[in-house]
Each structure stands twice: as C-alpha cells, then as structure tokens.
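Colleague: Sequence:
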Amino acid sequence: MRGKIFRSLHRMTRRPASPASLVRAAAAALSLLVSGCGATYQVPASAGASSLPPAPAGGVPAGPARAPGDFRRVAARVEPVAESFCREEHPGAPAIACDFAIGLSRDPEMPPNAFQTRDEAGRPVIVVSAALLREMTDDDELAFVLSHEASHQIADHLGKQEQQRILGALVLGGLTAAAGEYAGLPASDARIRQAMDMGAFVGGRAYSQTYELEADTLGAFIAARAGYDPERGAMIFRSPALAGGGGLLATHPASADRMRGIAGAAAEIRRQEAMGLRPTPRLAE
Numbered sequence: 001m002r003g004k005i006f007r008s009l010h011r012m013t014r015r016p017a018s019p020a021s022l023v024r025a026a027a028a029a030l031s032l033l034v035s036g037c038g039a040t041y042q043v044p045a046s047a048g049a050s051s052l053p054p055a056p057a058g059g060v061p062a063g064p065a066r067a068p069g070d071f072r073r074v075a076a077r078v079e080p081v082a083e084s085f086c087r088e089e090h091p092g093a094p095a096i097a098c099d100f101a102i103g104l105s106r107d108p109e110m111p112p113n114a115f116q117t118r119d120e121a122g123r124p125v126i127v128v129s130a131a132l133l134r135e136m137t138d139d140d141e142l143a144f145v146l147s148h149e150a151s152h153q154i155a156d157h158l159g160k161q162e163q164q165r166i167l168g169a170l171v172l173g174g175l176t177a178a179a180g181e182y183a184g185l186p187a188s189d190a191r192i193r194q195a196m197d198m199g200a201f202v203g204g205r206a207y208s209q210t211y212e213l214e215a216d217t218l219g220a221f222i223a224a225r226a227g228y229d230p231e232r233g234a235m236i237f238r239s240p241a242l243a244g245g246g247g248l249l250a251t252h253p254a255s256a257d258r259m260r261g262i263a264g265a266a267a268e269i270r271r272q273e274a275m276g277l278r279p280t281p282r283l284a285e
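In terms of the working numbering, the sequence shown opens at residue 1 and continues consecutively.
Keep in mind that a hint or two might mislead.
[Unchecked claim] Distance condition first, Cα-Cα at most 20 Å in a straight line; then the derived DMTMM-like pairs of lysine to aspartate or glutamate:
no., residue 1, residue 2
1, K160, E285
2, K160, D197
3, K160, E89
4, K160, E120
5, K160, D119
Bear in mind the hints are in silico, worked out from the structure with no lab data behind them.
Construct the entire structure; sequences and hints are all you get.
Modeller: Here it is in structure tokens:
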C-alpha cells in the first residue's frame, strides 16, 4: 500500500506542480485524517483524572488468579453476546465478519497482553496471554477484557488505523515535497519516503487513545449484556502489569481515565435498564 502511495506522490512531485498545489493536496488528506477516523460511539468524559477511582462497593470478593478453565467458561458466555452485538451494528456484513474466534496463548514468553486481529479469511480473532490471565482475580475482569477486544473489531479500529497511516503518509510526504519545490531543491525519493514513514507512524497513533476509550465503552455494554459487571471488570487496570498509559504518543490512555470512563458507561447502562431498555451505546454526534 505504501508503495502505491509513494508512486502517486512521486508522479505528482515530478510533474510541473506548484508548491501551493502540493500543499492543497496534503491539506485535503489532512482533512480526511481529522474528519473521517474518529470515534463512532459516544465516549463518557474521563480526561483529567489524577488517581484511580475506588473499587465498586459490593459484588463478589476478588479470588485467586483465573485459570484456563475459567477462560473457557467466560469466553463461552461473552462470545455469543459479542457476535450478536456485532451483527446488530453491521447487519449487512458477511457472516464471518462477526464470527469471533477467542483463544488463550500459552506462550511463556508473551507478556501480560490481549490483542485482536483478523485471520486470512477475515474472521476476527481475540487472543489473551496466559500471563495476563494470571493477573485477573475474577470473572468480571476476564469478561471485560474479552469484550474490550471484541469492541475494537466492531468499531473497525484496525481499518480506521490503516486509513490514518495512509493519510498521514500522504500529508507529510506531500508537505515535504512542497517544501522542496518551494526552496528550489526538490526532495529526493529517500527524503520523501522517510517523511511518509514518519507520517504513517504519527497518523496511526492519531486516535489510538480515543479508540481505546471507545472500546472500553462498547466493552462495558457487551460485558453487561453477558451478565458481568463492567466496573468490577475495570479493576484489571489496577494491576501493576497494566497500570500507566497516557502521554502524547502513547497508544493507551491513563488507567485512571479509563476506569472513570467505564464507570460513566456503567452509569448509562443502569439508566437505560431502569427505563426498561436494552443497554445500547449511543452514536457520536
């Protein structure tokens, strides 16, 4: 993909083109980057939290670390709910797009982590490491993590981030070419490639924290529909292995922000349930 973009930029910058036209092309790509890749769903306000919120009152006391048997049991409850939620949000999508495969990695070298991807056929895949499973002390935490990863797929964060990388490469590559033309020293192919790589790197992180908060919000709704407590699930962010986040180019928000955002989503879930509604996240305005 990057090669196609580079060839297009190469042709554009090797034609008689004014710096102004190159800047306009980069600005158009920047406009798409800003307007087309944000959150799809409303995310509760959480920024500015300076400390972790207290654990929710009541509920089941934390127990021993979760085991593979717990993983299979919780995944069996969360998977059909996530798939149903996915089909609600994408009624015209192929069946495989909402057919989640959830697995536990027993790789002893894999750190505490969970991730989502798609296989070659386009099926969404969720993987939790055994090291992360050992950090969990109740089913709510495990259910929330699985629901969070499923939410990345439902909100198409992989597709959006790829689009951001492409647009980021276009923006910085185009501006680099324009600067060279303006100075009368056309940028070399290597310089433009370097700028594109940097643009792709920055573009891929442009909304990463927003996407994490959005996946937290959707994950809270999925976990709640599956019968779990998302606020208790958010206690996983108290684990030293997952604490931290934040910063301009960090891909994950601060744990305190995430936990307060999930608390806001849980409050909205309770509000809808009190009205006799099926908890459903709101679309962003």
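Colleague: Each hint needs a verdict: does it hold in this structure or not?
Modeller: We went through each hint and held it up to the structure:
1. K160 - E285: holds, 18 Å
2. K160 - D197: At roughly 17 Å apart (the allowed maximum being 20 Å), D197 and K160 satisfy the hint.
3. K160 - E89: holds, 16 Å
4. K160 - E120: holds, 18 Å
5. K160 - D119: Distance of about 17 Å is within 20 Å: holds.
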